[in-house]
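Go ahead and model the full structure; you've got the sequences and the hints to work with.
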Amino acid sequence: MSLAIETPEELDLRASVRRLLQDLLGKGDFDYGRPARLLDAWRGMAELGIFSYPMPGALDGLDGRAAGVLALLGESGAALAPRALIAGVSAIPRILRSCGNGDLARGYMSGEMRFAYAQVRYPGDTPPEDDRAGRIALDRQDGLSAPPPDATHWLIGIRPQDPSLSQVLCLDAAGLASRLRPVWLVDGTPAAGLLQLPAHILPGEILERGADAARILDDAEDWAAAAAVADALGAATAGFDLTREYLLQRHQFGRPLSSFQAIQHTMACAYAQLEQLRSMVMLCASCLDASAALRGYSIASARVYLASAGVSLLEKCIQVSGGVGVSDEYRLGHYYKRVLASCSLHGTTQAYRHTIDAGIRRQLKEEEQDEAYTP
Amino acid sequence: MLRPWHHALHQRGWAAPHWPKEYGGTGWTPMQRFIFENECARADAPPLSVFGLNLVGPTLYTFGTQAQKARYLPKILSGEEQWCQGYSEPEAGSDLAALRTVAHKTEDGWRLGGQKTWTSEAHMADLMICLARTDRSAKPQAGLSLFILDMKSPGISWTPILTIDQGHSVNAVFIDDVSVPDDALIGEPNKGWDYAKFLLNHERSNNAQVYRSRREYHRLLRLAQSTASSSGASMLDDPQVRAELVDLDVELTALEVSVLRTLHAESGGGATGGEAAILKMVGSELQQRLSRLSLAVLGRAAALAPHQPDGSTWMDELGGWMERHLFRRAVTIYGGANEIQKDIIARTILGLR
Numbered sequence: 173m174s175l176a177i178e179t180p181e182e183l184d185l186r187a188s189v190r191r192l193l194q195d196l197l198g199k200g201d202f203d204y205g206r207p208a209r210l211l212d213a214w215r216g217m218a219e220l221g222i223f224s225y226p227m228p229g230a231l232d233g234l235d236g237r238a239a240g241v242l243a244l245l246g247e248s249g250a251a252l253a254p255r256a257l258i259a260g261v262s263a264i265p266r267i268l269r270s271c272g273n274g275d276l277a278r279g280y281m282s283g284e285m286r287f288a289y290a291q292v293r294y295p296g297d298t299p300p301e302d303d304r305a306g307r308i309a310l311d312r313q314d315g316l317s318a319p320p321p322d323a324t325h326w327l328i329g330i331r332p333q334d335p336s337l338s339q340v341l342c343l344d345a346a347g348l349a350s351r352l353r354p355v356w357l358v359d360g361t362p363a364a365g366l367l368q369l370p371a372h373i374l375p376g377e378i379l380e381r382g383a384d385a386a387r388i389l390d391d392a393e394d395w396a397a398a399a400a401v402a403d404a405l406g407a408a409t410a411g412f413d414l415t416r417e418y419l420l421q422r423h424q425f426g427r428p429l430s431s432f433q434a435i436q437h438t439m440a441c442a443y444a445q446l447e448q449l450r451s452m453v454m455l456c457a458s459c460l461d462a463s464a465a466l467r468g469y470s471i472a473s474a475r476v477y478l479a480s481a482g483v484s485l486l487e488k489c490i491q492v493s494g495g496v497g498v499s500d501e502y503r504l505g506h507y508y509k510r511v512l513a514s515c516s517l518h519g520t521t522q523a524y525r526h527t528i529d530a531g532i533r534r535q536l537k538e539e540e541q542d543e544a545y546t547p
Numbered sequence: 353m354l355r356p357w358h359h360a361l362h363q364r365g366w367a368a369p370h371w372p373k374e375y376g377g378t379g380w381t382p383m384q385r386f387i388f389e390n391e392c393a394r395a396d397a398p399p400l401s402v403f404g405l406n407l408v409g410p411t412l413y414t415f416g417t418q419a420q421k422a423r424y425l426p427k428i429l430s431g432e433e434q435w436c437q438g439y440s441e442p443e444a445g446s447d448l449a450a451l452r453t454v455a456h457k458t459e460d461g462w463r464l465g466g467q468k469t470w471t472s473e474a475h476m477a478d479l480m481i482c483l484a485r486t487d488r489s490a491k492p493q494a495g496l497s498l499f500i501l502d503m504k505s506p507g508i509s510w511t512p513i514l515t516i517d518q519g520h521s522v523n524a525v526f527i528d529d530v531s532v533p534d535d536a537l538i539g540e541p542n543k544g545w546d547y548a549k550f551l552l553n554h555e556r557s558n559n560a561q562v563y564r565s566r567r568e569y570h571r572l573l574r575l576a577q578s579t580a581s582s583s584g585a586s587m588l589d590d591p592q593v594r595a596e597l598v599d600l601d602v603e604l605t606a607l608e609v610s611v612l613r614t615l616h617a618e619s620g621g622g623a624t625g626g627e628a629a630i631l632k633m634v635g636s637e638l639q640q641r642l643s644r645l646s647l648a649v650l651g652r653a654a655a656l657a658p659h660q661p662d663g664s665t666w667m668d669e670l671g672g673w674m675e676r677h678l679f680r681r682a683v684t685i686y687g688g689a690n691e692i693q694k695d696i697i698a699r700t701i702l703g704l705r
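Top line first, the protein sequences correspond to chains G and V. Going by my numbering, the first sequence opens with residue 173, and the numbers climb by one from there. Going by my numbering, the second sequence opens with residue 353, and the numbers climb by one from there.
Among the hints, erroneous ones may be present.
Said to hold, decoys possible - Derived pair list, reagent style EDC-like, types lysine to aspartate or glutamate, alpha-carbon separation capped at 20 Å:
{"#": "1", "chain 1": "V", "residue 1": "Lys-421", "chain 2": "V", "residue 2": "Asp-502"}
{"#": "2", "chain 1": "G", "residue 1": "Lys-537", "chain 2": "V", "residue 2": "Asp-590"}
{"#": "3", "chain 1": "G", "residue 1": "Lys-537", "chain 2": "V", "residue 2": "Asp-589"}
Everything labelled a hint here was simulated from the structure, so no lab data went into it.
Here you go:
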């Protein structure tokens, strides 16, 4: 079990991504308000093959492995790269490969087509009255997306209660502009809330419908959820490393902070959490192609762990860093906010806790049927 | 119960899956070992004593002479001889290098004197692996050596130390002018600390006790399911219990994957660094959280002592939880207290000084 990218080509790709992100985004550059620069970064990543990597060979992709995708996202989190990469190399290629549209696939891989991704869930079979009136509730997370710079298209999953009514839509971004509400995520990432769907969807804008659409969207959301953990692991690792360096340099009471046992023990606990979080990302990598039930349970476990230990370890880092840890100009807080945002996108922690709870109960029932078990 | 089980495993060649095949190991892949250990835990198979199989065996096949390997390894594998570990002393717990047991060179061997304490299973052991000071002029860590002591040797005695669960598993061992031959020395004199450090990182996955904890978790689920809360509903439906069960399940999963990572690293011969300390720290804390939750589930019954004045035993299942909870206070202390594990992680892995 390894998260390492093993082939020389994959290692090259990862190293190139790291260099590109550092060159284009730089350290300490949190200015997401410079879209031209981000667009350059996006195109640069396309040239490196980042968007070809997760696509299948049949669509001229590189057939990359799940572990490789998650490792790339670790670089993205560490660089505080545009959050759009998370869905950009997970949910979006999963949808495009399933729908098999060659034009969209080629446009995506070249970086010329840049897709935002969102799912909209209805409690019934039709959009609620409020939604039709133009208010898809942001607090349900519906329609919330961190789009790539200068997005050209939106891939939207419509999820009514009845899965057979599901749809995968591909809409032109220009036509949606008046239906979007720009927002900032807690980590400073520009995002957009989809306030209203167009009244009329053209047949050519429906990539898939029915049970197949539901399956594709489940798969896409699982990949996006796992991708968010991988990105958060990258951010957490970078935050931890930054803190370690700081503790070695910063002196108080005439000696380095790193020499105080109280701080050493706090960092030891944070390191254990970091390594456990890494194990969880490996688990995700190993099960993304597994059955839906196993995949869902494993990803839910990773997401719950991220929300507890992933957050906690960076809080420890902030604590031992002292005042600088809460300074906005210092990078540590930005890693922390990156992780916080990841905990609440592509499914909430509470929803994932329910998945685990349901799994535990299912397991109990199965055990009761297994005579080999005695209480 | 343990000896027949050890014998049965030995007959199948499964007593020491982690040993190299040439010494009687299985040659299994990491996943095979993981599955085997999981299945043993699921079946409530008693864990074999770790001292011979996990501590002495690897020490001997790594540092021992051919004669020592031939003499001791087969009987460790078969379970014919049981071992204990003579490390801790009254003045040398976490500060192991402060130990005072001494070994003097004699014409035909060594003469040892001192006292060991918290010695698990000494009362059942045939042999002890004993850390003793052989050079008082050297730095504390540099003057130590490892010896093999026959527990029936004249001069060796022990007395039980009851633990807070009223159980007898640890002892004080007195070593009073005990003579051993030259071939009782393992490896070279004054290298004992290096060997002990080697062992700290050997069979690292065992430190987590994750297989047993997963089994315990299943047992806890059943307990919660069958125990009524004050409202009459199952404790499994209590919001706090449910929340903690979810957290424990997730953390056990993380630990299981970490153990698999470590098994892979061990099988590849590559040290990824610090696994022993992390697994020990996380695994032991999880064991304690599991038993702590069991007390919350038991409710009022948790106040009752397992053994009552009339000789009755208060419902075996409930009593077992309390006994395990009490004994588990030790898991964050033995094998290197968790504070020591944090020191190791911080200083050795993270380089914080």
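Can you give the numbers of the hints that this structure goes against, from lowest to highest?
none
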